[in-house]
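Since chain P is already given, all that's left is putting chains B, Y, L and W on it; use the hints.
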Amino acid sequence: MKLGYYPGCSLNGTAKEFNSSLKEVFAALNVDLEELNDWSCCGATSAHVTSHILSVALPARNLLIAKKQGLNELLAPCAACYSRLVSSQQELKLDEKMRMKVEDLLEEKVTNGLQIINLIQIFQKIGLDKLKEKKQVDISKIKAACYYGCLLVRPVDIALPDDMESPDSMEAIIKSIGGKTVDWNFKTECCGAAHSIAHTDIVEKLCKGIIDNAQKHGADVIIVACPMCHSNLDMRQLNIIKHYPDHKPIPVLYLSQLVGLSMGIDEKKLGLGVHYISTKPLLEKIKSDALPTEVKKEVPAPPVSNDKIKKGVEA
Amino acid sequence: MNELKQICKDALSEKKARFIIGYKEDKNKRIKPFIAKTPEDAEQLTFNHHAVNNLAVYLPRFKNNVEGKIGIVVKSCDLKAVTALIQENQIKRDDLFIIGVNCSGVVLDIAKEFNKDNTQIKCKYCQAKTPPYYDALADESKDFEMPDDDQAELMAKIDKMTSDERLEFWNAEFEKCIKCYACRQVCPMCYCEKCIVEKSEPQWIDTSSTARGNFSWNIIRAFHMAGRCIGCHECERACPMGIPLTLLTRKMGMVASSEFGYRHGMSLTEPTLIGTYSTSDKEDFIK
Amino acid sequence: MEELIISIDNLKEIARELFNNDCRVIGTTAENKFKVIDDPEQLILNPNSVPTGSSFKEFFFPKTEPLFFYKQNNSSIDLIDPVIDKSRIVVIGAKPCDAAALPIISKVFNWDYKDDLFNTRNDNSLIIGMSCHYNDEFCFCNDVGGSPENRKGSDVFLKPLADNYFKAASVTPKGEAFIKEYQKYFEKDLGKNKPLVRKEENPNHFDYDKVKTWLDNNFENKFWDTAGEMCLGCAQCAFVCPTCHCFDIVDEQNGSCAGRRAKNWDACQFSLFTKHASGHNPRDNQEKRYRQRISHKFKYYNDKFDEILCTGCGRCSRGCPVSLDILQIVEEINSLSQKSNAI
Amino acid sequence: MKIGVFVCHCGENIGRTVNCPEVSKACASFPGVVHSEDYKYMCSDPGQNLIKQAIREKHLDAVVVGSCSPHMHEKTFRKACASAGINSYMVEIANLREHCSWIHEDINQATKKAIDLMRFAVERVKFNQPLETIKVPVTKRSLVIGGGISGIQAALDIANAGFEVVLVEKEPSIGGHMSQLSETFPTLDCSQCILTPRMVEVYQHPKIKLLSYSEVEHVEGFIGNFKVTIRRKAKSVKEELCTGCGLCAEKCPIKKKALSEFDEGLSNRPAIYVPFPQAVPNVPVIDRSVCTYFKTGKCEMCKKVCGREAIDFTQQDTFVTEDVGSIIVATGYKLYSIDKKPEDSIYKGYGEYGYGKFKNVINGLQFERIASASGPTSGEMLRPSDKTVPKKIVFIQCVGSRDESKGFSYCSKICCMYTAKHAMLYKHKVHDGEAYVFYMDIRSGGKNYEEFVRRAIEEDHVNYIRGRVSRIYEEDGKLIVKGEDTIAGLPVVIEADLVVLATAMIAQQEAPKLAQTLNISYDKYGYFQEAHPKLRPVETNTGGVFLAGACHSPRDIPESVAMGSAAAAKSLVLFGADMLEREPIIAKVDATTCAGCFYCQKVCAYNAIEKKEIRDRLGNLQKVVAFVNSGLCQGCGTCNATCPSKSIELIGFKDDQIFAQINAFAEV
Amino acid sequence: MEEKFEPKIAAFVCNWCTYTGADLAGTSRLKQEANARLIRVPCTGRIDPVFIIKAFENGADGVLISGCHPGDCHYNAGNFHARRRWILFKNLLDFIGIDSSRLYFSWVSASEGKKWVDIVDGVIDAVRAKGPFKQYKKMNKEIEIPVAAEEGVSVK
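Chains as they are written, first to last, in the numbering used here: chain P, 1 to 315; chain B, 1 to 287; chain Y, 1 to 343; chain L, 1 to 668; chain W, 1 to 156.
Hints were generated in silico from the structure; no laboratory data involved.
Here are the simulated distance ranges between beta carbons:
#1 B:Y125 to P:D104: 15 to 21 Å
#2 B:V66 to Y:W111: 43 to 49 Å
#3 P:K132 to B:D284: 55 to 61 Å
#4 Y:L79 to W:A129: 39 to 45 Å
#5 B:D148 to Y:P282: 47 to 53 Å
#6 P:N112 to B:D148: 19 to 25 Å
#7 B:D284 to P:D104: 23 to 29 Å
#8 B:E3 to Y:H280: 44 to 50 Å
Heads up, the beta-carbon is just placed ideally off N, CA and C, and yes, glycines get one too.
The following block holds chain P by itself, in its conformation from the complex (with noise of 0.2 Å):
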């Protein structure tokens, strides 16, 4: 299987784990990964709160270098990336003026008939039965909570088909390798992303909902498959300790993670250490020979990596 990759600019920046353990684990799943040549912004950033042609343009561009690469599909594992390119094939193909400005604007005609899939949607592709054959690790001692965030189901219609308010298709991804996963009621909420920035109490208040809700239903670890949400639900921990006492912290890891792990890919490799929030406790976990746990009154605060907490500071 060949596949275009449009890593977007957070899998090179923030969200490096995200693209290394993508990586791990598809090299093991026979998935060659294409990235597309001279890859340029998805328009996700500040072009489509200011410019709305070119929150169009922009994917376009991408995509035509896809067209050109000789690609039918294209990985975008960023949820903002998805989104962006989706809705702008999307409004090409309904909106012909639009097309036509986009047209002038990158002196090229647009083709469609590129198919942009995000983490999910490939997994799905892949098959969840591929994804339990390379099982090799017994992951089913901790309890996951899917956290899908705003981007991932939605334009609803043209975005992953899945339900818009309350989605399972990561769920069952985790279910096929073994993982056992929450009910939950904060999948969607909002994580304060769009103020990630500027108002970081209003996000560490999100954040802290949506994660007290997580550990109330039992989970060990948040997955997420949005760059945006890892950092605001992993980073702003550092912040929510400040500010809430009582807050425990909880790993949050990239659904291609918790994939690798289950493959048995090397943690390193997997970028695991590179968490503000360690992910030690939970990998102690999953080797444990301890039962499934249920929700336990006391569970021993996982303690704050170090070298995160220092470069938290210089951030």
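Only chains B, Y, L and W this time, still in chain P's reference frame:
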């Protein structure tokens, strides 16, 4: 080539088709429509850049077919006509055995070799080499780079004229018309048993080849094609007087597409343009 | 009689003079099309050219012409005759296959009813024919009693010589008078300009007599089931043909109380051509209509007027949208007739 | 053809600006005109006599009158001419008053125009054909589809007027949604108490044939003459033998397996059941999908206990046909399914409200059952999950309604009222409880409606919050309701014990199918379309088919009843005459030229175009052509303009008639 | 002196809305110019584009078509079908060179007498300014009685 012959031979011997409407080469090396009735006949069937005819024009003859399937060799452009005929109740899908051919363009002048200067206009903006559906597919295509769509330029030029200039342009063209109705007869969508121009009680359009009669005929022909023309350009090819008829039909097709996002003959399930409406159809021209 | 030659420039001068005398000069131009020449410089005489897309029949037998006009009053109807154009028509550079058509169709226009409209034009016409150096796979004048040198229908006949000169000879008294009238443009032939030689011979394809005999006896032959099978019933063939002459008569309204009766080209390939008012159509499919076309050309007209209604120009085949080739059809009949002879 | 022309002065009305004698003189010179005169008042008796006299003396074939608008006196002149022996469709009117003398001042221009208008009419009348009014016999019998309150009302009205009614109900009992309700707004009187007598009246009425557990399968024919095929679903109980004692239901061993439809799934019922105690007819049916006998071939408990031997496991669906003259459609509504995966693909669910996931999120009809004395809790206010009394209850209005993102844009109309009623009923039963209502706007138009809502707010202290709820989730047995108070501009979180969703009223799922069966139109939501939104609200485009109740649009009880009576009145109007007369302006197909493209069928708003096979004498199919059902055609002529070969023509407005007018334009 | 050009306007109107609206204009005595001639059809859906062509053939300088507002059609959808047809036909005529200064469309309900007057007067003014439709009239030449032939009249 063998593939097409083989498909047709099999279809005829396995009785998948009662006969096959296809192309053959005559002794002057001209490609012409041909009906193969036996597997031996199928040996004569061929396809190349000179297979210009839209064979769907023969289908309405068999609309009350009861005996067995009718085989037909179609390019992707021809298939649109088949689709449209099915939609307009002129033939049933179940009565057809569609043999699609991958096409990489056909000639404009059948007496000359296929090359950049001898290419049908329709091929210059053709979107699909392969028919979207078929019962069997023969691959006859070769790579060929299409020249520019010069007709679109001409249309843009006409659009830029003043209305009086346009009227003058068209009057000069329609003046050539001799009312031989070749445009109508080769058109797969012109299947009426009695054409409106032949309707004499009352007389809708003057049958005489006068300025008035020619003008009315050509306007009404184009209008009857609006939203129905599938763009095979057979009318223009057949016209012995060289009237650029497809300028009109293509314009109507462009209007159907720009105003209603509609292209005829693209889908068996899509409703026809005429015969349906949307409450939000544009009406900025209505006071 | 002494032999005369004329240069292309002088021919153009004649054309200019004719034009100035309100004469309709018909000739071929760069578009390779017969048209009324208003600028003699447009005139081109090329013996190597393919026959024009359509013949010059429309100048003698127009695609539409009024027979009379009418005006309705409270209780009566006025009939008004049309104005007939009596100006002289001169065709310059007709190929033998074009020129031969006029005497052929003249017979039908003078058979029972004498068609004034046609006759007036024919009588006032002068045809300057020219020998032909062209032939393609559709040409077959040899087989229908013509030839590239055939003078039938021409009043004056030209043969191309080197250096844009033509050898000119009168064929009819009309032609002789014409040459006399424009004597000053003709020169004596001193043999300086060599005749242009035709590159290849015009081949023979079939034996007309055999074809005719076969047609006489095979009205119901199953050959007809497939001969016209692919015909779409357009009238391209008839309308470009120099000898097809069928017409239809229609009344056309202009307003509620006036109008005209007109004579328009018609063609036997139309399904309505023979449709009765009752709805019955004796030629109810294209195969029968195609048989009619072939039979009319090669049998009926011959039976009635002792002429083949075809000059072998090949126009119908060149333009046919489904590449039906009349020559191939007749050749097939020819071979069928040989087969039936063998039995 | 001999044409007579008559120019009316209309006193001074035409005569002042049009020189009528001159018009008359000009007309005399038109080809075909043999008589032309003018007169002061053509519509008066002496004027009409002039026309009649000329017809008799000059043997006229056609008449043209230049007078006022044809909308005024066309009928008058047609009648006059008919009495003198000319077919009334051989009369044409030229509008010299409204379209000429009244709108122009210059006498020369007006006169010239009048002459032109006369010329148009004269030219047109030359192509008119004598036509006969179409007469159709009327079967004086009605079919009512749906036995809810609307259908009951319509059936009773028609039956009481002395005509037979066939009432078809798909459920085992009539009564519809109204029978499920606890109390009704704004009077809070008991729903069943007022409904049950009506149901019994239907059952006992000698003119009403009640076919319960039946569905309309097929309809053919047209106004006055419908032939309806009805499927009688197998009840597995012989109706004529059953006494309705109820023993079978009592003994049925699978009491807990099936959910009660009547209680909206809040209670269970046996496999053999009557939906509710007051059911009409009081005859049980066996639900074969759950019955042990039908699953395993064993049990037969009901059969054993039935003393009348009324149980028949071998019963099959049967079909009956009924001839009726009118059809009243009263199929009602259903509630929008807000489950995670709605049955209706065109609508999206409200996954965020957790209906179907959280037991304590219920819809309005379920609340009705909880509040009803005959309901699963016998009227006690207990929530479904743990049968405790909810202390905090949240009502959410407009769930689905007015929400385009979910597929609806319309207002369900009754939710404001019933939510107020629900809140009130709750407060009356749980005095210390707190009730919250999330609303968008309160729409309480109706007699005593606004007062009712004010009472809920002011006397019963229901908390009305203007805003939407974004989501509901369950934590520790409480429903966390997150919403926004748009007046305060603040987010609101309520920990509720019970949430009641006022879900949209939507059309029955089978409505489009029934509409196709009946050849009536329906809107994009599946509601049946009325013939005219103002002037013909209970009629449909298909003559003889009328609408009643919520199958047309959301309706409350009084409106449904009024509509039922209106539809009945429309049927009775139809039954007032033995023969139905129709204008003969209908389309006609020329089968000899029709190519069978059926574009006419596509544009016909009345489904009047049918397919007809033309066969030769040996029975071989020649072709399939269009055919106009003259009972359905309304004469718009859209088919005529659409037909590419003009093989379909509108009689009365044929092409030659219109062309004659256009040709006359040359003489203008 | 050359006579002032007065345009001829052919108006095709539906029976239920525009014709009745024009009646209302009359009943209200709203004055208007006298150049338009109305041809009544049951519904705009009945109007074939050929009617427009025929009107031009018969000397119309302008054509006006009017019917019920969308949604108000007496026959439910006739005007919707008509509107779609007009969009196509208008674009065709425009491409051939008969532009919108010769062909007008409007929706006039039975209550819009005033609107009808405004539209009629507007169309008449516009076409008057545009001048006679010479190009189309020229096309009629062949079927008109030739002036030179008028003398040889025979009476039947």
